[in-house]
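For the record, the sequence lines run as chains A and B.
Per the UniProt record's numbering, the first sequence starts with residue 1, numbered consecutively.
Per the UniProt record's numbering, the second sequence starts with residue 1, numbered consecutively.
Hint data in this document are derived by calculation from the structure and do not stem from the laboratory.
Honestly, I wouldn't trust all of these hints.
16 Å max Cα-Cα, derived EDC-like pairs, lysine to aspartate or glutamate [claimed, not checked]:
1) Lys547/A - Glu92/B
2) Lys43/B - Asp594/A
3) Lys43/B - Asp659/A
4) Lys43/B - Glu642/A
5) Lys43/B - Glu641/A
Label pairs and their computed distance ranges (CB to CB) [claimed, not checked]:
6) Ser327/A - His133/B: 56 to 62 Å
7) Lys334/A - Pro42/B: 35 to 41 Å
8) Arg329/A - Val102/B: 32 to 38 Å
9) Asp295/A - Leu27/B: 21 to 27 Å
10) Leu302/A - Leu27/B: 16 to 22 Å
A quick note: this is a predicted structure, and the numbers were derived from the prediction, not measured.
All residues carry an ideal CB built from backbone N, CA and C; glycine is no exception.
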Amino acid sequence: MSVNDISKFKTLFIEEATTLLNSMESIILQLEENPKNMDLIQEVFRVMHTIKGVSGMYGYTAMSELTHNAENIYDLIRNDSIELTQEILDQTLIIVDQLFALIKDEHFEKKENQQKQTELHNWCNQIIINNKNRTKKVQLKKLVREDSLVTYNVIFHTHQSIIDRRINVFYTIKDLAEIGEIKSINALPVDGEDEERWSIFVVGNFTQLDIEDALMFVFEYCIIRKVADFDVFNTEEMAKIQKELLLEEETHLSTTNNEKSDSNNKPKVKTETKLNNTESMIASIRQNMNRISVDSEKLDYLMYLVSEFITTSSQLNLSSKEKGFESIRPQIEKLDRLSKQFRNNALEIRLIPIRDMVPKFNRLVRDISNSLGKEIEFATEGMETELDKSSIDLVAEPLVHMLRNALDHGIELPEDRIAAGKDAKGTIKLKAYNSGNNIFIEISDDGKGLNRESIIKKAISKGLINKGDNLSDKDIYKLICEPGFSTASEVTAISGRGVGMDVVKQKIAEMRGELEITSIIGKGTTFTIKLQQSIAILDTLLVRSGKMKFLLPLSDVEICAQMHYENVEKRLKHATVDFEEELIPFVSLRNLFDINGDQNKMAKMIMIKKNNNKFAIFADEILGQHQAVLKPMGELVKSHEEISAASVLGNGEVAFLLDTNSINQNLYSKAI
Amino acid sequence: MDTKSKESYLLFRLHDELFAVSVHKVLEIIETGEEHSITNLPKAPESISGVVNFRGNVIPVVNTRLKFDLEDYNEGEKFVVIVLSLNINNQEQIIGAQSDKVVDVIEIVDEEIKPVPDVSQSYNSDYIQGVIHRNGKFIMLLNLEDVMATQEIIELKKLSSEVKENIETETQPS
Numbered sequence: 001m002s003v004n005d006i007s008k009f010k011t012l013f014i015e016e017a018t019t020l021l022n023s024m025e026s027i028i029l030q031l032e033e034n035p036k037n038m039d040l041i042q043e044v045f046r047v048m049h050t051i052k053g054v055s056g057m058y059g060y061t062a063m064s065e066l067t068h069n070a071e072n073i074y075d076l077i078r079n080d081s082i083e084l085t086q087e088i089l090d091q092t093l094i095i096v097d098q099l100f101a102l103i104k105d106e107h108f109e110k111k112e113n114q115q116k117q118t119e120l121h122n123w124c125n126q127i128i129i130n131n132k133n134r135t136k137k138v139q140l141k142k143l144v145r146e147d148s149l150v151t152y153n154v155i156f157h158t159h160q161s162i163i164d165r166r167i168n169v170f171y172t173i174k175d176l177a178e179i180g181e182i183k184s185i186n187a188l189p190v191d192g193e194d195e196e197r198w199s200i201f202v203v204g205n206f207t208q209l210d211i212e213d214a215l216m217f218v219f220e221y222c223i224i225r226k227v228a229d230f231d232v233f234n235t236e237e238m239a240k241i242q243k244e245l246l247l248e249e250e251t252h253l254s255t256t257n258n259e260k261s262d263s264n265n266k267p268k269v270k271t272e273t274k275l276n277n278t279e280s281m282i283a284s285i286r287q288n289m290n291r292i293s294v295d296s297e298k299l300d301y302l303m304y305l306v307s308e309f310i311t312t313s314s315q316l317n318l319s320s321k322e323k324g325f326e327s328i329r330p331q332i333e334k335l336d337r338l339s340k341q342f343r344n345n346a347l348e349i350r351l352i353p354i355r356d357m358v359p360k361f362n363r364l365v366r367d368i369s370n371s372l373g374k375e376i377e378f379a380t381e382g383m384e385t386e387l388d389k390s391s392i393d394l395v396a397e398p399l400v401h402m403l404r405n406a407l408d409h410g411i412e413l414p415e416d417r418i419a420a421g422k423d424a425k426g427t428i429k430l431k432a433y434n435s436g437n438n439i440f441i442e443i444s445d446d447g448k449g450l451n452r453e454s455i456i457k458k459a460i461s462k463g464l465i466n467k468g469d470n471l472s473d474k475d476i477y478k479l480i481c482e483p484g485f486s487t488a489s490e491v492t493a494i495s496g497r498g499v500g501m502d503v504v505k506q507k508i509a510e511m512r513g514e515l516e517i518t519s520i521i522g523k524g525t526t527f528t529i530k531l532q533q534s535i536a537i538l539d540t541l542l543v544r545s546g547k548m549k550f551l552l553p554l555s556d557v558e559i560c561a562q563m564h565y566e567n568v569e570k571r572l573k574h575a576t577v578d579f580e581e582e583l584i585p586f587v588s589l590r591n592l593f594d595i596n597g598d599q600n601k602m603a604k605m606i607m608i609k610k611n612n613n614k615f616a617i618f619a620d621e622i623l624g625q626h627q628a629v630l631k632p633m634g635e636l637v638k639s640h641e642e643i644s645a646a647s648v649l650g651n652g653e654v655a656f657l658l659d660t661n662s663i664n665q666n667l668y669s670k671a672i
Numbered sequence: 001m002d003t004k005s006k007e008s009y010l011l012f013r014l015h016d017e018l019f020a021v022s023v024h025k026v027l028e029i030i031e032t033g034e035e036h037s038i039t040n041l042p043k044a045p046e047s048i049s050g051v052v053n054f055r056g057n058v059i060p061v062v063n064t065r066l067k068f069d070l071e072d073y074n075e076g077e078k079f080v081v082i083v084l085s086l087n088i089n090n091q092e093q094i095i096g097a098q099s100d101k102v103v104d105v106i107e108i109v110d111e112e113i114k115p116v117p118d119v120s121q122s123y124n125s126d127y128i129q130g131v132i133h134r135n136g137k138f139i140m141l142l143n144l145e146d147v148m149a150t151q152e153i154i155e156l157k158k159l160s161s162e163v164k165e166n167i168e169t170e171t172q173p174s
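With the hints as constraints, model all of the structure from the sequences given.
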């Protein structure tokens, strides 16, 4: 293995450990609700065990030591030796935090991490020592069965998928060695290059459950059979039995493997308490693990190839039409269709359900509500809604700000809520849904709502508005997103000094999204973020001015009309045009980008509606719709305000995407 | 024989100067025509002539003549765009550089490259990596990373004549 390979595996490890820790967080929070749920406890144990294994493999010794201790505690819990207390749960969350910190601190160099590590080790040891008396009993029980040796045979079938999941075969064997003595390991014949099959004989005093536990990570790849109620390796018949088993195994392997593991799983299901929520949680975690995690750079490269492919294919389509290659037209049209399907499919790969963010939010709500002394129920809806990976990354930050705001400023203290005739427990709801090409994410609370009057007062004192300005509710709520605005009478540590909302607004604008606020006093507030599903592909209107081509987001276009260029030029100094009895601010692309040259008599007007503001853009010609694959333009030309990206048209020409948000802001700030 | 380390360089002409750039940095040479015309970018810095479609990506094109304080291309004058992959500020950037003509690909032995003496304090000699004297002509090896990263206009004529003078006086006694 070269150095490169190791570093590649290391990033894989970091990805995997992060996923595991995230899932652990959500399980712990579930356990708080149902501390008696065996499946959840088992799950914690399993995850700890996996992290211990992989972190040890990649040299994260501190991580593997800590998980080892934590795993021991959960082992005692599942054996009923320790009761799962709130203290243990709280500490487990701290352990998870520490593990997150250790991922980033590979060589365990940070002082605060070392200190924390010692504290946690001490705590773990204390828990185990406190319970030693009880654990002894369990060991005694085991001793009773001392002389009842059994022999098990395990056929372990590895193929590429296990290796991909980075489950180390040797760890499995090591786990087996802990429950009994391994008497023999034999390689069995295989069909493919990627496969390996091993027959392992284990002798010891353990039960079927013990061996299943030891093999829990590779369960689906194993056939476990009890060979005898004694140590067969003491007898001469051993060779004979082994032969028989091999024969039997060869015929059974392909057909019965699934059935076997299914029937083995069944007894477990029976013990499960009926908790739909828990089941679905575990299912979703398992589902998570079945997913392939891919480096997002690889996906970016795939997208790059796809868009190049699309461009080439539409160039081919265009030029074959022009040159009249009738005989190959059907194939070219098919290629065109296929390439569009290909693109849609590739885009879908980049989509991630919003659910992936929820565990973090759960944790946030729990921690903050505890520290504020507020009782809060965090509800979610539509978490299966999918969003582009890059959007998920970007939207997380504003969502956290908004959740903090809702927790801190929205929801009242329990006594205030009771006084207002509400349930002592407040509710914060995260809801996501699609509508058309847009994704909506809502955060709503049933708290005290936004106080219109105090916002107005504050805005006047800050000079944001004038006394007597006639503003709609929406306009007033928008004021809280202005920089430096804070309605909270007290500045708290949680949502800070009101810098939150203007960051929220800015981040959402960066994603070409919109934010809307509605609120009813005494009933609660709802923040709605509207986003495009993919920020890499956009439906646009293609327009031309002079030789230059521009794109406008189709969703912003309200109406198209035309007007004499003479009239437009006359209105330039007023910066507004008269359209349907309304004075509307405008930009002329010729003017904005200093475009000269032949000019038509008529100018095309495109009315844009953005954030409830209207403005007009004048161009020479409207060329039609274009599904644009957006491309960044590189560092050298980044300084552009009105242009946010570029796209390559079917004929290889480049068109620029106009940033309607910034044009809108420029126009309206000038007007004020 | 071949123990000396050789490298291939792309030789190109700008005005009446010859330049060389390691072929490892060259991705493609775009012959501009109708299909591959440079799209002007409004309000861009003066030394950027616009953007061009390179394999489905949009890349900026540097007007090297303006960058080096030479006479700009006339309307309709032919040129090519050399697409370069450069490591600027620890980031791979793909940039097009306008050039009058690609002349040749030549092999240069390391020993042939003469270091640039500290010419004068008024110019940053870092822009030139070295000079090669071949067939009575001077070929300048540009340090493209530095040239492209800077916003300033480099007065190439003065720089190159000073470099040449210096090298000639240095090599004469031998």
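Here is how each hint holds up against the structure:
1. Lys547/A - Glu92/B: Violated. Lys547/A to Glu92/B sits at ~31 Å, over the 16 Å cutoff.
2. Lys43/B - Asp594/A: Holds, because 8 Å separates the two Cα atoms, which is no more than 16 Å.
3. Lys43/B - Asp659/A: holds, 15 Å
4. Lys43/B - Glu642/A: Cα-Cα ~10 Å, so holds.
5. Lys43/B - Glu641/A: Holds - the C-alpha atoms of Glu641/A and Lys43/B are around 10 Å apart, at most 16 Å.
6. Ser327/A - His133/B: 56 to 62 Å: Given about 58 Å between the Cβ atoms, the range holds.
7. Lys334/A - Pro42/B: 35 to 41 Å: Check passed, 40 Å falls within 35 to 41 Å.
8. Arg329/A - Val102/B: 32 to 38 Å: Since Arg329/A and Val102/B have Cβ atoms about 37 Å apart, the given range 32 to 38 Å holds.
9. Asp295/A - Leu27/B: 21 to 27 Å: Once the Cβ atoms are compared, 23 Å apart, the range 21 to 27 Å for Leu27/B and Asp295/A holds.
10. Leu302/A - Leu27/B: 16 to 22 Å: Check passed, 20 Å falls within 16 to 22 Å.
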